[in-house]
Amino acid sequence: MKTYRPAPAVIAEIERLLAANQAAFHQSPLDEVIDVVSRTRHYAWIGIYLAAGASPQLLGSGGESGPTAMALPESRTRILVSMKIAGRELGMIAAESEEENAFGREDRVLLESVANLLARFLTGRGKYLVRRAREDARRRKSKLPEPASRRENKLAAAS
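For the sequence shown, the working numbering begins at 1 and goes up steadily by one.
To be clear, the hints were calculated from the coordinates, so they are not data collected in a lab. There may be inaccurate statements among the hints.
Claimed, not checked - Pairs of lysine-lysine residues, derived as DSS-like cross-links and limited to a Cα-Cα distance of at most 27 Å, are as follows:
1. K127 to K141
2. K143 to K84
3. K143 to K127
4. K84 to K141
Here the structure is a predicted model, which is why all the values come from computation and not from measurement.
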């Protein structure tokens, strides 16, 4: 059940979660952050992305649609907020709503504050989450078949 809470209360709870950094086997601190934000706001979906090369990598998501949805087809409003530290883009937070013009100034301020907290966490005590995500991406990429054009170039270079 969603219970609206003021942005400062939500931010304080997220600060406590990240400071405790009690990662469980089945749930990361990012899942807990997503849970707090989605329980206290009208967002139908929220996701945290890592800037990983050409395409962002989803680190965690959740909301009314459940944790596995990438985005909702019935979304009417979306908001994206960058996670930056020292001018370096680490990723972004995306939120969606089924309502028109759902995101106001307070939502932007809240998501920017959450993005700042996450950026500091992911470059500090939460580095292990970034490492794990990058290793998973490399593993998935190495399991993909090589494009035919690359194989042909390698064969031509070998002969």
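Could you grab the alpha-carbon distance between K84 and K141 and see if it respects the 27 Å cut-off? holds (26 Å)
For K127 and K141, compute the direct alpha-carbon distance and say whether it is at most 27 Å. holds (21 Å)
Please verify whether K143 and K127 have alpha carbons no more than 27 Å apart. Given pair K143, K127 holds - Cα atoms ~25 Å apart, limit 27 Å.
Quickly compare the C-alpha distance for K143 and K84 to 27 Å and report which way the hint goes. violated (31 Å)
This entry does not satisfy hint 2, going by the numbered hints stated previously; all others are met.
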